[in-house]
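Student: Residue strings, one per chain:
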Amino acid sequence: MFIIRHKIIFYTFSAILVIGSIVAMLVWGLNSSIDFKGGSLLEVSYSNGRPSQSIVIAAITPLNLSASVIPSETNEYDIRTVTLSDAQKNSLISVLSALEPSSTSTMPIKIGSTTAMATVSSPGMQVTGFNTIGPTLGAEAAWKSIVAVILVILAIVLFIAWAFRKVSEPVSSWKYGIVAIIDLVHNIMIPLGVFAVLGHFYGYEVDTLFVTSLLVVLGFSVHDTIVVFDRIRENLRVMPGSKPFSEIVGTSINQTFVRSINTSLVVLFALAVLYFVGGAPTQHFALALIIGIAAGTYASICLGSPLLVTLEKWQKGKENKKK
Amino acid sequence: MLFMLKHRMIAFFIIVIAALVGYFVYASQTSMPFKLGLDLAGGTELVYTADVSKIQASEVSDSMTALRDTIERRVNIFGVSEPMVETETAGIFGSASTQNRLIVELPGVTDIDAAKAAIGATPVLEFYLIKTKDYTAITAKNLNATDTETAIEKIRIPTGITGSMLSKAALAFDPTTGAPIVSLQFNSTGAQKFADLTKNNIGDIAAIYLDGQPLELPTIREAITNGQAQITGGFTLDQAKDLVRNLNYGALPVPITVLSEQTIGPTLGQATVNAGILSGIIAFIVIAAFLIIWYRLPGFLAVVALAAYTCLNLALYKIIPVTLTAAGIAGFILSIGMAVDANILIFERMKEELRKGRGIMDAVHEGFSRAWPSIRDSNTSSIITGVILYYFSSTSVIKGFALVFIIGVLVSMFTAITASRFFLFAVSPKKQGRLSLFLMKNGFTN
Chain A
1 MFIIRHKIIF YTFSAILVIG SIVAMLVWGL NSSIDFKGGS LLEVSYSNGR
51 PSQSIVIAAI TPLNLSASVI PSETNEYDIR TVTLSDAQKN SLISVLSALE
101 PSSTSTMPIK IGSTTAMATV SSPGMQVTGF NTIGPTLGAE AAWKSIVAVI
151 LVILAIVLFI AWAFRKVSEP VSSWKYGIVA IIDLVHNIMI PLGVFAVLGH
201 FYGYEVDTLF VTSLLVVLGF SVHDTIVVFD RIRENLRVMP GSKPFSEIVG
251 TSINQTFVRS INTSLVVLFA LAVLYFVGGA PTQHFALALI IGIAAGTYAS
301 ICLGSPLLVT LEKWQKGKEN KKK
Chain B
324 MLFMLKHRMI AFFIIVIAAL VGYFVYASQT SMPFKLGLDL AGGTELVYTA
374 DVSKIQASEV SDSMTALRDT IERRVNIFGV SEPMVETETA GIFGSASTQN
424 RLIVELPGVT DIDAAKAAIG ATPVLEFYLI KTKDYTAITA KNLNATDTET
474 AIEKIRIPTG ITGSMLSKAA LAFDPTTGAP IVSLQFNSTG AQKFADLTKN
524 NIGDIAAIYL DGQPLELPTI REAITNGQAQ ITGGFTLDQA KDLVRNLNYG
574 ALPVPITVLS EQTIGPTLGQ ATVNAGILSG IIAFIVIAAF LIIWYRLPGF
624 LAVVALAAYT CLNLALYKII PVTLTAAGIA GFILSIGMAV DANILIFERM
674 KEELRKGRGI MDAVHEGFSR AWPSIRDSNT SSIITGVILY YFSSTSVIKG
724 FALVFIIGVL VSMFTAITAS RFFLFAVSPK KQGRLSLFLM KNGFTN
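Chains as they are written, first to last, in the numbering used here: chain A, 1 to 323; chain B, 324 to 769.
These aren't lab readings, by the way, just hints derived from the structure by calculation. None of these values were measured; they are calculated from a predicted model.
Taking lysine to any residue pairs in the SDA-like style, the calculated list, with each CA pair at most 25 Å apart, reads:
1. 491/B with 386/B
2. 313/A with 181/A
3. 439/B with 405/B
4. 439/B with 80/A
5. 175/A with 237/A
6. 764/B with 261/A
7. 439/B with 63/A
8. 243/A with 680/B
9. 764/B with 251/A
10. 439/B with 41/A
11. 477/B with 541/B
12. 37/A with 439/B
13. 175/A with 706/B
14. 522/B with 551/B
15. 679/B with 258/A
16. 522/B with 508/B
17. 764/B with 255/A
18. 764/B with 257/A
19. 377/B with 135/A
20. 313/A with 162/A
21. 37/A with 713/B
22. 37/A with 410/B
23. 243/A with 255/A
24. 166/A with 706/B
25. 37/A with 719/B
26. 439/B with 139/A
27. 358/B with 405/B
28. 679/B with 257/A
29. 679/B with 238/A
Please construct the entire structure, taking both the sequences and the accompanying hints into account.
Tutor: Here it is in structure tokens:
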């Protein structure tokens, strides 16, 4: 009941986060990867320690590729450019490898009391990865991502409205759907906002994997919402009429919030492990999921169900006016 | 008593099956390893778009097949193990224009330029002269196919006639036998050269090579001066059709341009695989510890079910097979966390029913049946998400993730509900002692 009574506080907290996220996106925008805008990404590794960033930038500036050079791992650079032709790519690689040519040298090493000559060879700069995406393909991926997000939201909402179709009193089933939309939008706005901030300050990129994490957040965060709604549905049957709707919702939240938190907690455990141990390719993916799922758990307990109560009050208010 | 015995037998049966499946996953690592995506195995992916604007709509699919076959042949010559060449029709949702694409995956190939050269190069159709006596000398040795081919390559004589001198190839039928034959039409230069060749070498072989591979070895029966030739190889209708197509489409049937290319070094992939395995193990241990501490006996049973879930999933990845990418492994780890959701819902419900004063068996029954609607609805929304993700994924990486996600939800429906139910009924204490109640309840508050 605590949550229902103080719902304004929780609404405000969510509103601040969502508005903050929107502002962050409007001000800084999202740092889109080549997945969406097209371009090339060359990953190179220097085995003898990488040359300084300014040297690399100075070396490739004459090529005029509007390149950005970002260090990654311990001795690698990620170089992002416009979509490269084969010739451009080859000249870029040759410029970069000139910074650390492959070499073979002999040096004395001591084994016990004898000194032997050992051959030390260095492979020089190596290309560890190359990815280039044409602008049309990028635009297509961006468009598909937006359509997928909208479709998932619509499909889930329709499904919820359908699954709760037998519940019509005192709040009709499509209102459960509307609340679910608000929840879902809330849950993806927050990771979007966080990534706008991280993108601006730390260069975090938004790529197809990030969109995947948004879709998973949509699909998963609705679980907790369904659990509470399901309990409301059940309690409306068991405790008919006699009690006010707000009390039924409050009781339902009290009865289910432990399991809502626990189901999210086990998923967050898995994601935290993935974030810390799983390696670079999926680290940002895990982060986006952690943020979205945490937001989703909060929303299912502190935003979604209280909103049902608010909707019911509005409805009552209207009916009273009519009378 | 019979009820419990039946459940114990089924529970035991499920554990044995899961253990066998687990053993299969482990033992088949050499004969049937996990299929790793390019990002993990290292290699090159090229996406081409085919320009079909000059081709009639009805023939687009045929020429795309021809394109795929041609490229597959060239990739095979390149010496790649398990290359994948696929065609795909893609369109921006809602727009009428579609694109015909060709996706080429070359595991282990990191020299992207060489790969592109091999794929994009115009294939070479060549005619060689092989003296019949040399040929019979080789065939008489009864060598294996590869050795025969190398031996023939040593004795074949270049004729200077190439595919660029062929104006057309067509399918025809022998008027008397009805057997399919391939008729060739040379242009004037080709006709002249072919006339010289056939005039001087009747009885020998005018061998046709495509991309360095012998295509047909027809024997010259008479001098051909009109620039027309027939190959009466005694082949089937399909073989003849293929040959005609290959000859006509000596050049690629449709011009292609690179849309995207990607190369991943093998070292990065191995590190990701190792990190993925390690995080899978740690995630399992953390989740298992949480379940046992919080949910006690049922929690332990959920861990057994989760172990079965892991075995079944890994086996399915091998059997289907699912191409595992970094995202796919992440999806699997995520799904380990999601798979126990149903268990948590059921156990929490059981606790509630116990609090209301129901007997243990009753509470277990109620726990399952009352938690079911929300489990069903949640999993349905997950599957909806997975399916949309699968169809709207712009890369094979995301497709792989979506597949792992969907399989995870479906398998967890079995392990977290069906299997857990048998486990619980198999060991649930009959007597309502303090110990048995403690074992069945959970959380901080009893």
